[in-house]
Amino acid sequence: MNTNKPVTLNPLAEGQMVIIIARFVLVLSSLFLILADTESVSFGVIRFEVMVILLLALSNFYLVAQVLTKRKTLDLVIYGMGLADLVVISVVVIIQGGFSSNVYTFYFPALLAFSLAFPMVELYLYLGATVTLYSMICLFTMHNMDDLQTLIIRVLMLTAIAVCGNHFAEIERKRRNAILARSFGTSSEEAQIPATVPAVPAHPIA
Amino acid sequence: MLNHSISHTRAQEAAEDVFFGQIVIIWARWFLIFAGGIITLWSAKDMLQFSLSILTLLVLMGMNFFSHARYLTGKPINKSLLLLANLVDIGVITVLVAFWSDQTGLNSNFYILYYPVLFAWALVFSPSITSLFSLITLTAYCATCLLRTDSPLMYSVAGFELLCIRVITLGAMGGLGTYYYRHQRDSLRALTARSTTTFS
Numbered sequence: 059m060n061t062n063k064p065v066t067l068n069p070l071a072e073g074q075m076v077i078i079i080a081r082f083v084l085v086l087s088s089l090f091l092i093l094a095d096t097e098s099v100s101f102g103v104i105r106f107e108v109m110v111i112l113l114l115a116l117s118n119f120y121l122v123a124q125v126l127t128k129r130k131t132l133d134l135v136i137y138g139m140g141l142a143d144l145v146v147i148s149v150v151v152i153i154q155g156g157f158s159s160n161v162y163t164f165y166f167p168a169l170l171a172f173s174l175a176f177p178m179v180e181l182y183l184y185l186g187a188t189v190t191l192y193s194m195i196c197l198f199t200m201h202n203m204d205d206l207q208t209l210i211i212r213v214l215m216l217t218a219i220a221v222c223g224n225h226f227a228e229i230e231r232k233r234r235n236a237i238l239a240r241s242f243g244t245s246s247e248e249a250q251i252p253a254t255v256p257a258v259p260a261h262p263i264a
Numbered sequence: 007m008l009n010h011s012i013s014h015t016r017a018q019e020a021a022e023d024v025f026f027g028q029i030v031i032i033w034a035r036w037f038l039i040f041a042g043g044i045i046t047l048w049s050a051k052d053m054l055q056f057s058l059s060i061l062t063l064l065v066l067m068g069m070n071f072f073s074h075a076r077y078l079t080g081k082p083i084n085k086s087l088l089l090l091a092n093l094v095d096i097g098v099i100t101v102l103v104a105f106w107s108d109q110t111g112l113n114s115n116f117y118i119l120y121y122p123v124l125f126a127w128a129l130v131f132s133p134s135i136t137s138l139f140s141l142i143t144l145t146a147y148c149a150t151c152l153l154r155t156d157s158p159l160m161y162s163v164a165g166f167e168l169l170c171i172r173v174i175t176l177g178a179m180g181g182l183g184t185y186y187y188r189h190q191r192d193s194l195r196a197l198t199a200r201s202t203t204t205f206s
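Line by line, the protein sequences give chains A and B. My numbering puts the first sequence at residues 59 to 264. My numbering puts the second sequence at residues 7 to 206.
Note that these hints are calculated values from the structure, not bench results. Idealized CB from N, CA, C, for every residue including glycine. Hints should not be assumed to be uniformly reliable.
Said to hold, decoys possible - Label-pair distances were calculated between CB atoms; the ranges are:
1. A/123 to B/51: 49 to 57 Å
2. A/106 to B/152: 31 to 39 Å
3. A/158 to B/148: 20 to 28 Å
4. B/93 to A/126: 35 to 43 Å
5. A/129 to B/157: 51 to 59 Å
6. A/145 to B/97: 33 to 41 Å
Can you build the whole structure from these sequences, using the hints too?
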C-alpha cells in the first residue's frame with residue numbers, strides 16, 4: 059500500500075469539531091439564559107425550551123462520540139443536525155415574538171460552523187434557507203420601515219459570515235492541495251495558489 | 007542557527023497567514039461598508055449626520071480598495087496596517103452603537119456589525135492577537151452599553167440577559183474562528199513535516 063499517496067480530505071469531517079463546539083455554545087448559553095429569567099416566561103414555555111435544548115445536547119454527544127472513536131459520521135446526519143439547529147433557533151425566535159427576539163444572534167455561530175464545514179453549494183442552500191425563514195418570520199412581526207432596515211442589515215451580516223468562512227476554508231484547502239501537489243506530484247487543478255508566498259517581503263509596505 | 011531557522015519559518019508562516027487570510031478581512035469590510043451605506047441612506051436625520059457618515063464610508067472604502075488592490079497584485083499589506091484598519095472598523099461600529107439615532111447602547115441594532123469583523127480577525131491572526139482584539143471589542147461594546155443605555159433597562163434582568171446573549175455570541179465568533187485557525191495551522195504543519203520526511 060502506498061502511504062505517500064495524498065488523501066482526499068473531507069471538509070465536513072474537518073469542520074465537524076467546529077460544529078460541535080458551536081452547538082455546545084448554543085446549548086450552554088441557552089440553558090443559562092432560560093434559568094436566568096424564569097419569571098417573565100410561563101413554566102410551560104420553559105419546559106418546552108429545556109426539552110429541546112436537552113435533545114440538542116444529546117445529538118451533540120453523538121457527534122462527539124463519533125469524533126472520539128474516530129468513526130466517520132454520515133454526511134446526511136451532519137446536514138440533518140444543521141437543519142435541526144436552524145429549526146430550533148427559528149422556533150425560539152417565533153416563541154419570543156419574531157423580529158423583537160434577540161435569539162437570532164445564535165444563527166451567527168451556527169452559520170460560522172457550517173461555513174467552515176459545508177461545501178459551497180450546501181452552504182449557500184443552508185444560508186438561503188436560514189435567510190428566507192428568518193425574513194419570513196420578521197416580515198410578519200415587524201412594526202415599521204425602520205425595522206425593515208434592521209432586517210436587511212441582519213441578513214447582510216449573516217451572509218457576510220457565510221461568505222467569509224467559506225472563502226477562508228477554500229483558501230486553506232488550496233494551500234494544503236498546493237503542498238500535496240508540490241510534495242507528491244499530484245496534478246490537482248486546485249493547486250493554483252503556491253504554498254509559500256515569494257511576494258511576502260521581510261518588511262512589507264510601511 | 008537552528009533556532010534562527012525555526013523562528014524564520016514561523017515568521018514566514020505568520021506572513022503567509024496574513025497574506026492569504028487578508029482577503030477575508032477585506033470581504034468582511036466590504037459587507038460592513040455596504041451595510042453602512044444602507045444605514046446612511048435610510049436613516050440619516052440631517053445633512054451634518056449624512057455628510058459625516060458619507061465621509062467615514064469614503065475613508066473605509068479607500069482603505070479597503072487599497073488593501074484589495076495590494077492583494078490582487080500579490081503584494082501583502084503591512085500587518086500593523088491591517089491591525090490598525092480593524093481597530094478603525096471597531097471604532098466606527100462603536101460610534102454607531104453609541105450615537106446613531108435615538109436607539110443607543112443596548113437598544114441599538116448595529117452591534118451585529120461586530121460579528122463579521124471579529125470572525126474575519128480570528129481567521130487571520132494568531133490566537134493571542136485575536137484574544138486581545140476580541141477583549142477590546144467586547145469591552146468597548148459593554149462600556150458603550152453601560153454609558154448609553156437607560157438605567158431601567160440596563161440594570162434589569164432583561165437588560166442583563168440581552169447583554170449576555172450578545173457577549174456570548176460575539177465571543178463565540180472569536181473563539182470558533184481561533185479554533186479553526188489553530189486546527190488549520192496544525193494540519194498544514196503536519197503535512198509539511200510529512201512531505202519533508204518523505205523526501206529527505
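Review point. For the pair residue 106 of chain A and residue 152 of chain B, does the Cβ-Cβ distance stay inside 31 to 39 Å?
Key: Holds, since residue 106 of chain A and residue 152 of chain B (Cβ atoms, about 34 Å apart) stay within the stated range.
Check your understanding: Does the hinted range 35 to 43 Å hold for residue 93 of chain B and residue 126 of chain A at CB?
Key -> Cβ of residue 93 of chain B to Cβ of residue 126 of chain A: about 40 Å, so the range 35 to 43 Å holds.
Review point. Taking the beta carbons of residue 123 of chain A and residue 51 of chain B, is their distance inside 49 to 57 Å?
Key: 55 Å, holds
Check your understanding: Are residue 145 of chain A and residue 97 of chain B spaced within 33 to 41 Å by their CB atoms?
Key -> 38 Å, holds
Practice item. Mind checking the hinted window 51 to 59 Å against the Cβ distance between residue 129 of chain A and residue 157 of chain B? Key: 54 Å, holds
Exercise for review: Could you check the hint for me, namely that residue 158 of chain A and residue 148 of chain B are 20 to 28 Å apart, CB to CB?
Suggested key: 22 Å, holds
In summary, this structure violates none of the numbered hints.
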